[in-house]
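Protein chains in written order, with my numbering: chain A, 5 to 103; chain B, 2 to 771; chain C, 9 to 609.
Bear in mind the hints are in silico, worked out from the structure with no lab data behind them.
Selected chain B positions facing chain C (Cβ under 7 Å, derived; list incomplete):
1. 520
2. 523
3. 527
4. 528
No more than 27 Å apart at the CA atoms, straight line, and that leaves these computed lysine-lysine pairs for DSS-like:
5. C:523 x B:492
6. C:523 x B:478
7. C:467 x B:316
8. C:523 x B:457
9. B:478 x C:467
10. B:285 x B:636
11. C:523 x B:326
12. C:523 x B:225
13. C:295 x B:301
14. B:268 x B:187
15. C:192 x B:335
16. C:237 x B:315
Okay, the calculated beta carbon distance ranges per label pair:
17. C:488 x B:730: 32 to 42 Å
18. C:526 x B:329: 18 to 28 Å
19. C:485 x B:467: 47 to 57 Å
All of these numbers come straight from a predicted model, not from anything done at the bench.
The beta carbon of each residue, even a glycine, is placed where N, CA and C say it ideally should be.
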Amino acid sequence: MEISIPHSLGRDEAKRRIEVGLPKLAAHIPGGGTMSSAWTGDYALEMVIKALGQTIPVALAIEDAALTGEVKVPAFLKMMAGQIGDFVKVSAGKMLDKE
Amino acid sequence: MTISKVCVIGAGTMGAGIAAQVANAGVPVLLLDIVRDEADRSSVAKGALERLKKAEPAAFMSKAAARLVETGNIEDDLAKVAECDWVIEAIIERIDLKHALYAKLEAVRKPGTAVSSNTSTIPLEKLIEGRSEAFRRDFLITHFFNPPRYMRLLEVVAGKDSDPALVASVSDFADRALGKSVVVAKDTPGFLANRVGTFWLQVAFNAAFDLGVSVEDADAIGGKPMGIPKTGIFGLVDLVGIDLMPHLKVSMSATLPAGDPYHAIAKDHPLILKMIEDGYTGRKGKGGFYRINKEAGKVKEAINLQTGDYAKAKKPVSIPSVAQKDLRALVLAKGIVGAYAWAVLGPTLSYAAGLIGEASDDILAIDTAMKLGYNWKYGPFELIDRLGSAEFAARLEAEGNAVPEIVKLAAGRPFYRVEGGVREYLGTDGAYHPVVRPEGVLLLEDIKAASKPLVKTASAALWDIGDGVVCLEFTGKMNALDGEVMKAIEKAIPLVQESYKALVVYNEGSNFSAGANLGLALFAMNIAAWGEVEKLVTGGQKAYKALKYAPFPVVAAPFGMALGGGCEICLNADAVQAHAETYIGLVECGVGLIPGWGGCGEMIERFRDDPKLPKGPMVAVSKAFETISTATVAKSAANAKEIGYFRPTDGITMNRDRLLADAKTRALALVEGYTPPTPPTFRLPGAGGRAALDLAVRSFAAQGKATPYDQVVAGKLAWVLTGGEADLVDTVTEEQMLALEAGQFMTLVRDERTVARVEHMLTTGKPLRN
Amino acid sequence: MQTYKAPLRDMRFVLNELHNDDGFGDLPAHEEFTPDLVDAVLEEAAKICEDVLLPLNRSGDEEGCHWERHADGTTTVRTPEGFKDAYDQFVQNGWNALVTPPEFGGQGLPESLGKMVEEMICAANVSFSLYPGLTNGAICALTAYASDELKAAYLHKMVSGQWSGTMCLTEAHCGTDLGLLRTKADPVGDGSYKINGAKIFISAGEQDLTENIIHLVLARLPDAPAGVKGISLFLVPKFVPDDAGDPGARNGVTCTAIEHKMGIKASATCQMQFEDSIGWLVGQPHKGMEAMFTMMNAERVGVGIQGLGIGEAAYQSAVWYAKDRLQSRSLSGAKYPEKPADPIIVHPDVRRMLMTMRAYNEGCRAISGWVGRALDAEKHGADAQTRARAKDFVALMTPVVKAMFTDLGLESASLSVQTYGGHGFIRESGVEQYMRDARIAMIYEGTNGIQALDLVGRKLPTDMGRLLRSFFHPVSAFIEESKGEGPMQKMIEGLERAFGALQLSTATIAERGMKDPEEAGAAATDYLRLLGLVAMAYCFAKSVKIAGFQLAFGTQEKEFYQAKINTATFFYDRILPQSAALFLAIKSGKGSTMAMPEDAF
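Just chain A, same shape as in the assembly (with noise of 0.2 Å):
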């Protein structure tokens, strides 16, 4: 499912917010889960939430009004795509928002 986080930050602004904030939320992850991230570009994240035998894997991109993205929400978790997505883009604003 497509997600997209306006903003108004500005790519590089947005990026660095997102690094500071990226450790932190590995640590809230629900349910006791782990978070693993990787930059594949300059503006480009993929991360990987592991939660009770499931992996959800996320790609976003940094533009430079908003963060778009992708989560690949296994079938097993069909009927929380919703869910899952809302914690991504309240995330994703938690750590925009956090100077």
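Fit chains B and C to the given chain A structure using the hints.
Frame of chain A, contents of chains B and C only:
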């Protein structure tokens, strides 16, 4: 006398085939025929040789064998007969031509050269009319069966003047070098096999027409339930050629003694004559009793015997399962099943029994002739035993038919019995005599009748075969290899070490082994019992390596199919003594797997040790990759040497009955000073080698020879053969190779495409190309 | 008191959330059935079941059906009061042919949804469910095997509910072994046949709900081979349709009596006499059993659902009583000191019974959803491989659904009576009816013993265990991906142990059964239960995972998901350990079961 060179005159189907089999024995052979083309005077024989090289099924066992055949013609090259020790005449059945040929031979052959005829219809005494005493002494009939490479029967007829010593030499050569089972026959029409066979086919035909039995039903009833090949009656005649039937009838009717029961049943069926007229002569024509209707989409059709019309071949009548295995139940079954079965068996077995005293004095000869000449599982007397000789006689009497003398003599006793562990047969004197095997023949069947196994598991047994040698016999269905076989191997090692000298791996099933018990593996795969599957792999590895490093010689004696795990056990043995007809290969890739019992490492070792191949780590790996990824199966033991499954020093036995004795001799020869081999170490090319192999696979794929999954499987094979993560500077031990095999095997086994392949093979017997 | 509110939230959980990863995929044919539409159907179904069918359950049982002989010699069967009106309402709103494809006039709903509705109907009134249920079975056989002429003449009115259908197989001397049947069919010469014979135990053989009854009868043709290979299927209408397609001449079919049964009393179980009745061949001569089995396999799942429905109704009735009835004080101190005593729901043993029923029902419902999806994927799956796998899964699980759901249904009914104490034994309480109604489901449509034999004797060995793959592989993969640290660790270990016991049992039965079929026969019933328990355990583990995610990601329905986790945990703690016992029993082999000589009994 020794036979070092043979001449075959007549390059027709039989003559050429006989020449090929002589060449297969490693004996040079001169093949002659008439001159037909002035420009190329030996064109007939040459053409025959070229056809032999392309024959299906193959006539030559190896390329080398073909090179032993010299061609010529009977005008320019007859003098070369003087170089030969045995001349086989296999020309057209015309007595005038044969007489002329023999006259010429008399002039050019050296004294003591055996001369034999492959005739099937002309009496011996007539053949040698007018010949000198010396010629008559050296003359005999040697009647081969078609195709001469594969049919084990050789009927030998000696003339009243034939020199017994010469006949014995020729027979011995035919036995040991050509691998034939020699049956002594009297000079009567059709000898033994065709005498019974012609009667049988006629009776079966007549009964089908009279009882209104369809060809499908006749073949179903008259085939497998009687132990007869599933071609049955009509399928067989299609194979042999329907146009032969009238010729046979003419010949037999003319030559059989008056009063022979054949005369009463011999008749031409108008339908059959019409079929021949219309070109329906069987498989070599446009079809016969069965045909493939290409216009209707390659539909198999069968002829209606009553109307002469073709219709889609129907599923045959269902035979009650008890009747499929019990001959008594078969002849008593309700409806056409029992009626047709008895209509065929009653007269045929009666006729065969009636030959005692006339065509033969030996029930064994008649049984062997039918078993080896017509591939019957049971000979006529064995069939009577399965009916019960008392019941057989009673039913003949009840129907007002004569009971043959030998059956009366049996007086309700069986024709064969096992007494004190020895197999015995009923002689014409009414007494039982032990079945005596030819000198030097050792049969596991005889050992099993006379003793108890040393060890027995559900799928294997160990037997003491004398002189300190133990035999490991596979006993499971299709001789499939599973944990129970490995258990027997594990018990064999300390047993032989303690109290014996050597081990031979051998059995007398229809094939040596078709490989691991795939059904078991598939079941375990279906219930996701991966641990069990892995146990199958590592268990086999452990057992085979235990054999390889056992402190005594291990000789594998394969024959027929030796596939997959059946091939790997041969690779792990110290030496192989194979039957000439061994079809051996590592076929795992065909079912989406790779060899898991050491085959990969062993093949690399083979090619590495081959002095004819260049050195270098990639050479052996490439050759192993090529052989295994294409699931190459050898077409003969000689071919297996060419491919590399067998070492140059491995032995080949031509006569199936002599395989065990030869293997035992080989094993004993290795005892003195025996040391187990040293575990090999490998230097493998790693990632660089894989790139090369990958290129090869991709080019195969581009040619349409490899499916996408083939490529995946080949990739896993390449990983193992190139040493996995190791590279050229690392040493890879045999144990590491085994771990690589097991690892990639387990990955493949979990892939649903492999599961699909295994399932397809097990349910249809054919590979799935997914 | 018989109380029932359809468990819609749990049904929605099973339909929408639980089985998304089963690999059967989204079925394009059912794209229109969004969760919202599914909800709407479920809610409407619940209404008619609770408001129309449930009130007739007790009264129908008390009154029973009436077999009446009239002055003119005809016999009729009258259903209990209210049934006719209920039936009319039922068919008017299309509830009788929910799953039947639209090309035959049905609603074309997915099977997975259809099974939930079926569950509700059975929970409300099992006897009533048999009338449309038998008709659906007949429709199933006809759509698959009848000629176009027969379909044109009969199918539409059966699908609309105007006419009903029956399955006439059993005779006095043969039920399980139909090869022995004696009813004869003789060709008249014009394509029709004269049917003669007597059948028993025919549900809805005669009734006053529909203007015509279409009997599907198994009979032998004159030249038929012996045994099951000589049985043909015939369509024998009560009234032969006239030229306008309306019921015309009365056929030679009579109900000679109805049975006085232990339960499902409002279902007319008839003895039917066929005297020179006119009938028409359905399908090929001598291939009647094949046609029959197509129907029976579908019906077997339906009978399992009967067990589940009764189990749920029994549970809800027990809960109501357990909260209402005040007796004694809680062992850990009075919970309602202001009341004279605590409601018995506080007592551990009552909890045990309620939790057991609840676990059974939720577990079976989860499996029914899985099988329902497979039923749909069998027909509508995107590719041949998916359809084949779905077919294998249905074939494998059908005996488990039929036998386990009905066994557990009876157990729940019995636990419900126990919860009620002495009052449970009294008719007026309503719960003893559940036991009586549940008992037949373990017997008809192939006894549970036959189901177990079908599982180990036919389904297990097929193609070296191919059918097993459709179950064993997903469970194995789930265990492997879920293993390790985390809140579910203990549960996954429990699942792994039970699954391992199942694998070992499977291998044991396969190996022994090959050499001695009696070994398979002796292990069959225990094996079926073991397979069913592992299936429930798998579904519960998935449920817990989903519930865990929901709770972690802040769901609004905390109570529902927490209750799901509780129920699953109870199942794993108190019910799943039976798997070890079943494995040991299977391992012990047939010896002690078969050792006793007949005379010693």
